[in-house]
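Engineer: The primary structure of each chain is shown beneath.
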Amino acid sequence: MAEHYLKTELDHQMSTNPEMWSFVQQASLDGVWYWDLERPDQEWMSPEFWRLFGIDPATKSHNPAEWQDIVNQDDLKIALVNFELHCADPAHPYDQLVRYRHSDGSTIWVRCRGRAIRNEEGKAIRMFGVHNEITAVRRRHETGRELDAANSELRDFAYAVSHDLKSPVNTVGMLLGELQEAEGEHLSQDGQHLVALARESIERMQIFIEELLRYTSIIGEVVEFVPVSLQSLAEGILQELDEQFRAANVVVDLQPLPQLIAHKEQMRLLLSNLLTNAAKFSRAGAGNRITLSGETTEDNRVILKVADQGVGIGREDFEKIFTIFTRLHRSEQIAGNGLGLALCRRIVMNHGGRITVESDLGAGSCFTVELPQSQT
Amino acid sequence: MTYEKHRFIPEDDSPAIRNLMVVDDNKVDQMIYRRIIKRSGLVGQVLQFLSAEEALAHLRQKDRAVVDAILLDINMPRMDGFEFLAAATEELGDSFTRMLVVMLTTSLDPRDAARASQFSVVKQYLNKPLVQKHLEQIADYLNRTTAARGDVSMARG
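Order-wise, the sequence lines are chains Z and F. Numbers 288 to 663, taken from the working numbering, label the letters of the first sequence in order. Numbers 17 to 173, taken from the working numbering, label the letters of the second sequence in order.
None of these hints come from the bench; they were simulated from the model. Note that the Cβ used here is the ideal one computed from N, Cα and C, for glycine as well. Incorrect hints may have been included.
[Claimed, not checked] Quick look at which bits of chain Z chain F covers, simulated, 3 or more residues with Cβ under 8 Å: (1) 387-394; (2) 452-461; (3) 486-500.
Pulled out of the complex, with its shape left as it was, chain Z reads as follows:
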């Protein structure tokens, strides 16, 4: 098959028009070098290379000893081995990551690639090479690893603490149960009432510890992003909550929801928390309709809205409700522990999205979740 005419034309441009090469050099390379292997003390380095390390190119004399002086000595050894192997066999790539010392003492990571130019006998007589600086990429990589380690330590800590807290709570719960079961009839009415209150408190604490554990378990969780149908997730959740919602006289209007790429379990938690939250704050005797709707915007974002006709939230509390352990109501009024919406916000953050609320006191609230349709 004939070569495309533009490819032929481009090759011609590249070999005849010097501006083409300098464009490639400036647009994609951070340094260029050209080494005379027959006179090994001669190696031309581009000025951009020296500027990477805060060094004035004018102070340099194109002697390889100059860069070998500021390169990490372990990395230099690897580079020299690769150099020998590449000269002996063109199939062995001269390509490695090396660290340089910046004039301010910091480390600069550079990917260095080169290829030998050979004479008729196949002997390497020149070496042409290019540099790409990748310090930012390396740093992100390292910060990511540190963050992963910190998160996993936090998860283990939370797991251990919740576990150690839960054991005695369980024991006290069982003791109270036994007291009620075995001695209940010997207790006065006042005594029975006190035991019942104690059991309720213990149950709340058990639920609280479980939810705390769930909250911490998603901190920096290694998330696997898969295609998720919010529609079928919502349908499943509504089936599970059916009894609870029926008892509270809550009606859910489920409108078509989009698909997105996300962590499935976290999406399930998000929807389920937003729905139970909306149901919890419904008003006795008022309309108890929750509307769950969604759309995909032109710029590939998924917008999800959960609107209720409940008690509403004052503007001054809009930020507070997403803060962990913060509650606006005493637990006798409305059950809860201040984790639900904090969990929602963390899930949304894990997905690079945001969650906001609009509300009128006494008229209802609307939570809006904005998520990228796919994760990169």
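Fit chain F to the given chain Z structure using the hints.
Structural biologist: This is chain F only, laid out in the frame that chain Z set:
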């Protein structure tokens, strides 16, 4: 070897769970388990161990009675529940008990689930605290597997 042994229902009355073992290092919890087990009216005899090593030593005995079910705590000092499962399975195979129920303090951690699922003898999980319902489920399971075994022997006959 120290353990507590309590008989609640005579063997002749064929209790739903003839022989139950409970392994948990918490003395108070063990005391409450005993009361709940007694009250359930489902258990003939219970053997209570405060450590996994002692439970393992008991299972090693050749002349011991068949164990119908073991309730096993996971977090114990020295030998934990998983180590107990590994040691018992390796030494005694899968038949050291008819069923084993793992007792969890908090809801199942995915890492624990993965570890526990490696042991085929683990038939159930229960979230503490132990309640009557859990014992009924164990009785159900034993009843079903007994019925299944009966079918097999009949088919052979």
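Engineer: Would you mind marking each hint as holding or not holding in the structure?
Structural biologist: We went through each hint and held it up to the structure:
1. 387-394: Per the Cβ count (0), the hint is violated.
2. 452-461: n = 6 at 8 Å, threshold three: holds.
3. 486-500: Satisfied; 3 residues make the cut.
Violated hints amount to a single one, hint 1; each of the other numbered hints is respected by the structure.
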